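Enquirer: The lines below spell out each chain.
There are 2 protein chains.
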Amino acid sequence: MVSTKPPSGMRDYLPEAVYKRRYVIEVIERVFQRYGFHPLETPAMEHLSTLLGKYGEEGDQLIFRILHRGERLTRALAKVHPEVADLAELGLRYDLTVPLARVVAQYGHALPRIFKRYQIQPVWRADRPAKGRFREFYQCDVDIVGTSSLLAEVEVLNAVSEVLGELGFQRFTIALNHRVLLRSMLEAAGVAAEQEEAALVAIDKLDKIGPAGVEAELRARGLSAAVATRLLAMIGGEAGTDNTERLKVLRDLLPAAPAQAALADLERLLVLTADAPAGPHLRLTPALARGLSYYTGPIFEILCEELRSSLGGGGRYDNLIGMFSGKQVPAVGFSLGLERLLLLMEAEQMFPPLRLTAQVMVCALPDTPLAPVIALATRLRRAGIRADLYPEQSRIGRQLAAADAQGIPYALIVGPDELAHQAYTLKHLRSGEQQTLDEAGLIAVLQQA
Amino acid sequence: MVSTKPPSGMRDYLPEAVYKRRYVIEVIERVFQRYGFHPLETPAMEHLSTLLGKYGEEGDQLIFRILHRGERLTRALAKVHPEVADLAELGLRYDLTVPLARVVAQYGHALPRIFKRYQIQPVWRADRPAKGRFREFYQCDVDIVGTSSLLAEVEVLNAVSEVLGELGFQRFTIALNHRVLLRSMLEAAGVAAEQEEAALVAIDKLDKIGPAGVEAELRARGLSAAVATRLLAMIGGEAGTDNTERLKVLRDLLPAAPAQAALADLERLLVLTADAPAGPHLRLTPALARGLSYYTGPIFEILCEELRSSLGGGGRYDNLIGMFSGKQVPAVGFSLGLERLLLLMEAEQMFPPLRLTAQVMVCALPDTPLAPVIALATRLRRAGIRADLYPEQSRIGRQLAAADAQGIPYALIVGPDELAHQAYTLKHLRSGEQQTLDEAGLIAVLQQA
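Chains A and B, in that order, are what the protein sequence lines are. Under this note's numbering, the first residue of the first sequence carries the number 1, and numbering increases by one thereafter. Under this note's numbering, the first residue of the second sequence carries the number 1, and numbering increases by one thereafter.
Same shape as in the complex, but just chain A (with noise of 0.2 Å):
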């Protein structure tokens, strides 16, 4: 028997799981076309030559491969050592900014000078599948292209919290950083060039381990005392002093220009937002290190209070999108865990009540002539009901059954005397109460359920 479950790491997504990562997807969509962000979609496909290289030496092992088919295979095959460059020329979508980055430089001419777009698509990585992590999975991402404004950072911040509070997240923090500052705090504490990555590493864990924790960590790894105390001093406390107040903190600490300039921004960032959405959620958090090495300005990260789980982040990254024109284009952006959502609002319930069903079941008693049955139907779908019809004339017990298995509210039960009289009995499958309408009664009440 051949087994008949999804790859390792991949999801079947049955109709109820369908409708609610739909009404996830809808909100996002939503809110960013309100926000002036537009669709973009590409191929599952890209070239090798456009993948490799970009995600560093783990990320090219995790990128599935297409084998080469026909003669091609067969050449491949037939040489003495084949490597793997000779079996594979195309690989699988693994995130979606070099996709962004391949498009701008394909298309820049038709695309507006900034360029604001959203794309919601599976990528694949051969992870080792592991709870919550998965080989396929949908990301979502929102990126501003073409503009070094600070606006930008503005507009995908606001962008996302409102995407967040319209699904019901109320408590969530957006740390924020920024690269310049975070690479001036490692200089100003005396920090060597190669423990940066060590240290980075610890301070990052302040959240979940507190200062001693981080203290400990950075001279476990190392570092000697004096620049665990500055470090320290730099980054805070535990639950973080307030934005105005670490700002200060830092200006203080940290008197050269690029650590001034970066701490201007981060203030202009806290102000243009004071009465926007993000606003109330932005938490200036010089520890957060975020892990990708392209950001180059200003890093986000969202926190899930309740959970301390991360639901996505981003950041600007001026060298990126133009890696394949060879232009620098400045752009910043937002990935949004789109599983990590699903799974925090299925554990908190948050989901509102979905149309998971018909809204009616139309039952044919035995006997009764079909073709007026199926013209009724006809006429409630075109009322805009969704209305199923039961598809064998079995005993009418057996319909209801089936209906009301499936959540189905209403049965609609249609036999000749009904047909006759056009008065139907529509029955309430949850309490057994039966009603009898004509045709327009009906059409009102199923419009409501």
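In case anyone wonders, no lab produced these hints; they're calculated from the structure. Keep in mind that this is a model prediction, so the values were computed, not measured. Backbone N, C-alpha and C define an ideal beta-carbon position, used for all residues, glycine too. There's no promise every hint is true.
[Stated by the list, open to error] Simulated restraints on C-beta separations:
| id | chain 1 | residue 1 | chain 2 | residue 2 | range |
| --- | --- | --- | --- | --- | --- |
| 1 | A | V80 | B | G210 | 52 to 60 Å |
| 2 | B | H81 | A | P258 | 33 to 41 Å |
| 3 | A | E16 | B | R219 | 51 to 59 Å |
[Said to hold, decoys possible] One side of the interface only, derived from the structure: several residues of chain B facing chain A at Cβ under 7 Å:
| id | residue |
| --- | --- |
| 4 | T4 |
| 5 | M10 |
| 6 | Q33 |
| 7 | P43 |
| 8 | L87 |
| 9 | F134 |
| 10 | L272 |
| 11 | A358 |
| 12 | A371 |
| 13 | A375 |
| 14 | E392 |
Start from chain A and add chain B according to the hints.
Expert: Showing chain B alone in chain A's frame:
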């Protein structure tokens, strides 16, 4: 330089193309949901053991396979003569029917006994790319699994007809035939077993080459004049006689029980849809063969009259869904050709005005404090208005030009005076007309835009 084109046979969808695709998909989904169908989604990848042998030898060659990684790949390449089976065990989805069959086998207990599902997802085929033929394209399938009732055919035919109607297709025909009738005709005409395939290919061209052409082709393929005459008598002329008359002719010519039963099915389908969406479009077409050998009952194909182009097809296939479970599971389905629909709608300009742009571009004049402008944009967006915010505080001419280039109808011009008086200038970009409005007035005008 790396090429920035998408891989051969695949496409990038820039925003306008995405909006058009979404429009069509949304109409399809809305109608299918009104008919009580529910969405299913399955992973892009399937086990090769699931895929191979389901699409014929040629199909197997067109499956994109996923190359092993890491140690498994190293082991495979270390073999003296590695074979394809050593290199891959996963492939990309080739259609939506095999995944449906797998899902029914895997989750049968959790699904309703009669399962009405639709699925709109991309599939991948390593076909030679050509005009209108892609290697990544969407299929749009609707199926009813679990019942032999002809009402299932009726539901699928009506749903698809309603989709086409809502998309604006008026003059389309659904050619209707029956596998059993087709087989009976060949037998009754005296076509030898080894010539069946040739005969089917010839008569399937009736629409294109007319009765005389079919006769010539049948003779050219080695069928006798007597056989050709008998076949032509059954399939009728090019334009087709009316359904009732054609039924009568076939009833007389094909007295055997299986043919009579098939004709009874077809007559019933015509009767049951008489006052339903499919009715006016159904045309009994005994020459319709359809390529796929898996059909077992009624078969259908939509032909767009203006363009002599197939928009999709389907039929009953009672032996396929059970292939993984070993149980027989009756099913009927229809596959709409999404890419074909889009091409035709583009050619015939059938798209309604779509929401391709924001309704307004919020433009801050130089030297305007930005926080209140952002707050104003937030309030517009919360009133449901799609408001873009020009992210650079450049001179107004440049901002208006950018808005106009994107087709955004209005610009909202905000300077220090406007903020002080809470009276805003709304400029209609095409006409150049300006009006001064308070916030409520602004929202009222823009909500109409």
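Enquirer: Hey, does the L87 (chain B) contact hint survive, CB to chain A under 7 Å?
Expert: Holds, because the Cβ-Cβ distance from L87 (chain B) to chain A comes to roughly 6 Å (cut-off 7 Å).
Enquirer: Can we keep the Q33 (chain B) interface hint, with Cβ of chain A closer than 7 Å?
Expert: 6 Å, holds
Enquirer: For the restraint on M10 (chain B), tell me whether the closest CB of chain A is nearer than 7 Å.
Expert: 4 Å, holds
Enquirer: Report holds or violated for the interface hint on A358 (chain B), using the least CB-CB distance to chain A and a cut-off of 7 Å.
Expert: At about 4 Å, which falls below the 7 Å cut-off, the nearest Cβ of chain A leaves the hint on A358 (chain B) intact, so it holds.
Enquirer: Min Cβ distance, T4 (chain B) to chain A: is it shorter than 7 Å?
Expert: Since the shortest Cβ distance to chain A is 4 Å, the answer is holds.
Enquirer: Holds or violated: the 51 to 59 Å window for the beta-carbon distance between E16 (chain A) and R219 (chain B)?
Expert: Between E16 (chain A) and R219 (chain B), where Cβ atoms are some 57 Å apart, the hint holds.
Enquirer: The hint names L272 (chain B) as touching chain A; please verify it with the least Cβ-Cβ distance against 7 Å.
Expert: At about 5 Å, which falls below the 7 Å cut-off, the nearest Cβ of chain A leaves the hint on L272 (chain B) intact, so it holds.
Enquirer: Is the interface hint for E392 (chain B) satisfied, with its Cβ closer than 7 Å to some Cβ of chain A?
Expert: Where the cut-off is 7 Å and the nearest Cβ of chain A is about 5 Å from E392 (chain B), the hint holds.
Enquirer: Can you verify the interface hint for A375 (chain B): is its Cβ closer than 7 Å to any Cβ in chain A?
Expert: Holds, because the Cβ-Cβ distance from A375 (chain B) to chain A comes to roughly 4 Å (cut-off 7 Å).
Enquirer: Is the interface hint for A371 (chain B) satisfied, with its Cβ closer than 7 Å to some Cβ of chain A?
Expert: Since the shortest Cβ distance to chain A is 5 Å, the answer is holds.
Enquirer: That 52 to 60 Å hint for V80 (chain A) and G210 (chain B) (C-beta), does it hold up?
Expert: 59 Å, holds
Enquirer: Less than 7 Å between beta-carbons is the criterion; does F134 (chain B) satisfy it with respect to chain A?
Expert: 9 Å, violated
Going down the numbered hints, you'll see the structure goes against 2, 9, while the others check out.
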